[in-house]
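Q: Protein sequences, first through last, are from chains A and B.
Its first residue numbered 1, the first sequence is counted upward by one per residue in the working numbering.
Its first residue numbered 1001, the second sequence is counted upward by one per residue in the working numbering.
It cannot be assumed that every hint is accurate.
As the list claims (entries may be wrong) - Derived CB-CB ranges, DEER-like:
1. L127(A) to T1016(B): 21 to 27 angstroms
2. E134(A) to T1016(B): 54 to 60 angstroms
3. I235(A) to E1152(B): 36 to 42 angstroms
4. W7(A) to E1195(B): 42 to 48 angstroms
5. T1262(B) to K162(A): 52 to 58 angstroms
6. G1041(B) to F164(A): 53 to 59 angstroms
7. P203(A) to Q1023(B): 48 to 54 angstroms
8. G1031(B) to P203(A): 53 to 59 angstroms
It is worth saying that the hints were derived from the structure and are not from the lab.
All values derive from a computational prediction rather than experimental measurement.
All residues carry an ideal CB built from backbone N, CA and C; glycine is no exception.
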Amino acid sequence: MNLRAVWAIYRVEMARAFRTVLQSIISPVISTSLYFVVFGSAIGSRITEIDGISYGAFIVPGLIMLSLLTQSISNASFAIYFPKFVGSIYELLSAPVSYLEIVIAYVGGAATKSIILGLIILATASLFVPLRIEHPFWMLAFLILTAVTFSLFGFIIGIWAKSFEQLQLVPLLIVTPLTFLGGSFYSIHMLPGIWKTITLFNPVVYLISGFRWSFYGKADVSVGVSLGMTLVFLIVCIGIVAWIFKTGYRLRN
Amino acid sequence: MPSILSISGVSKTYATGFTALKQVNLDIERGEIFALLGPNGAGKTTLISIVCGIVNRSSGTVTVDGNDINKDYRAARSLIGLVPQELTIDAFESVWATVNYSRGLFGKPANPAFVEKVLRDLSLWDKKDAKAITLSGGMKRRLMIAKALSHEPRVLFLDEPTAGVDVELRQDMWEMVRRLREDGVTIILTTHYIEEAEAMADRVGVISRGEIILVERKAELMRKLGRKQMTLELRAPLASVPEALSRYALELSGDGNQLTYTYDNQSDRPGVASLIRDLEAAGIQFRDLDTKNSSLEEIFVNLLRQEP
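When you get a sec, could you build the whole thing from the sequences and use the hints?
A: Right, dumping it as structure tokens:
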């Protein structure tokens, strides 16, 4: 294991986050605060409670997930797409590093950043609403698992993308809608019959539901299913990454 | 002595159907400077990219110091430093950070003293905290070299090292290449500047349309090709070459206005001075003279012309 290489890549990735602290950290905090003002205060004052939880507190796990998903994807996809775009990827490809090491370093870097971000949003949220976390271990477990899974997903997008447009396409057209429709701002029990069923095909529902359970002990779907779905998605992503590296897809051709 | 780099039967066909390399065989000797010459699109960069692990080959085998580039890719790649043709650097990193990153990427323990030496040798030390984006083109080229040298490679690839580089940097670069060779580093450079190969290389290979069409010691090549021509523009046309000058085997142009003398520029006594003295003695005056080095350039052009 070329741990020095993993560390070198990881450090560069983290340095990039600190260099662009405004974009990486502050902007998500501001947008989260805006969500609280709009959804929490303006709309929340009319909804009051869901599942016995005040609306402001109810949306916190969903908001964290929203940022976690989008930031994991954009961090990881950009991290690998950018060297591809400017050509500096030659160095990575010519270095004595294994695929596993590349993935650990890039995905680790992206996931670390989004986990830190998730915790910052959590801290920001605690300023607006009273929070309680019933299952801190599971809260962290979901946080880490989701960050890693979607960083992997972002890594795949970054390798697949041939243009900046494609890079933005998947997050914009698929992930953001799925997250908004995945129960970030409502319980899926509030949906009329058929929509509730359709929603169950949205993988993000399981992530948010499980994550919310770790806070309040209430979930839309059972926690086991949430955990299972997250793991399935993780395994699918690992499978795709393994295939990419085995074939050299869009990297060594 | 076994070769440090052995390429055998390597072919590459890109997904587009374009065949960049056809059954390339090449052995690079330990410690030599090898110049790979070829026109644009001949396959030079593809060949280097395959050896360095950037592009997958379609067939063939490559070993670096006995290590197969697939089976023992770690050992093989650790030995290689690559300075690519394009200036591709993470623009927002500082010089210091990016060179140390390269060292780490190749699995070498941090060694600030060594990295400092590399930067000083390349006149980059006072730019160590500058971001790559603020560097001039020449400085960026130096930085690419520093990155490649940061992990102490035993084989160094320089892909078109002096393309678009000013004279001073070119001199520095050649100086650096000589120093590296003294340390036992094997250097493979691609170029389409013949002078570069002439100035630097121990051996020269010519690649065209994906095939190696010639590999020869430079000295041997120069002996074969190291001919020079001197053309004299005469003040008054001559009807024929005077008998007194017959030993020079001069050629007279059709209109009698030009005399051409072909000689071996490797020789100690090329006879240029005596020819001029003898011309004066024969009362032949000239307005101007021009010398032309045929050397590598011509053989190179001829070789490529012979290609079907």
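Q: Can the suggested window of 48 to 54 angstroms be confirmed for the beta-carbon pair P203(A) and Q1023(B)?
A: Because 49 angstroms falls inside the window, the suggested range holds.
Q: With 54 to 60 angstroms as the target window, see if E134(A) and T1016(B) comply at their CB atoms.
A: Since the Cβ atoms of E134(A) and T1016(B) sit about 57 angstroms apart, the hinted range of 54 to 60 angstroms holds.
Q: Against the range 42 to 48 angstroms, how does the distance between the Cβ atoms of W7(A) and E1195(B) compare: consistent or not?
A: holds (43 angstroms)
Q: Is it true that the C-beta distance of G1031(B) to P203(A) lies inside 53 to 59 angstroms, as the hint says?
A: Holds: the Cβ-Cβ distance is about 58 angstroms, inside 53 to 59 angstroms.
Q: G1041(B) and F164(A), beta-carbon distance inside 53 to 59 angstroms?
A: Violated: the Cβ-Cβ distance is about 28 angstroms, outside 53 to 59 angstroms.
Q: Given the hint of 36 to 42 angstroms, check if I235(A) and E1152(B) actually sit that far apart at their C-beta atoms.
A: holds (40 angstroms)
Q: Between L127(A) and T1016(B), does the beta-carbon spacing fit 21 to 27 angstroms?
A: With a Cβ separation near 56 angstroms, L127(A) and T1016(B) fall outside 21 to 27 angstroms, so the hint is violated.
Q: Does the beta carbon distance between T1262(B) and K162(A) stay inside 52 to 58 angstroms, or does it fall outside?
A: holds (55 angstroms)
Checked against the numbered hints given earlier, the structure breaks hints 1 and 6 and satisfies all the rest.
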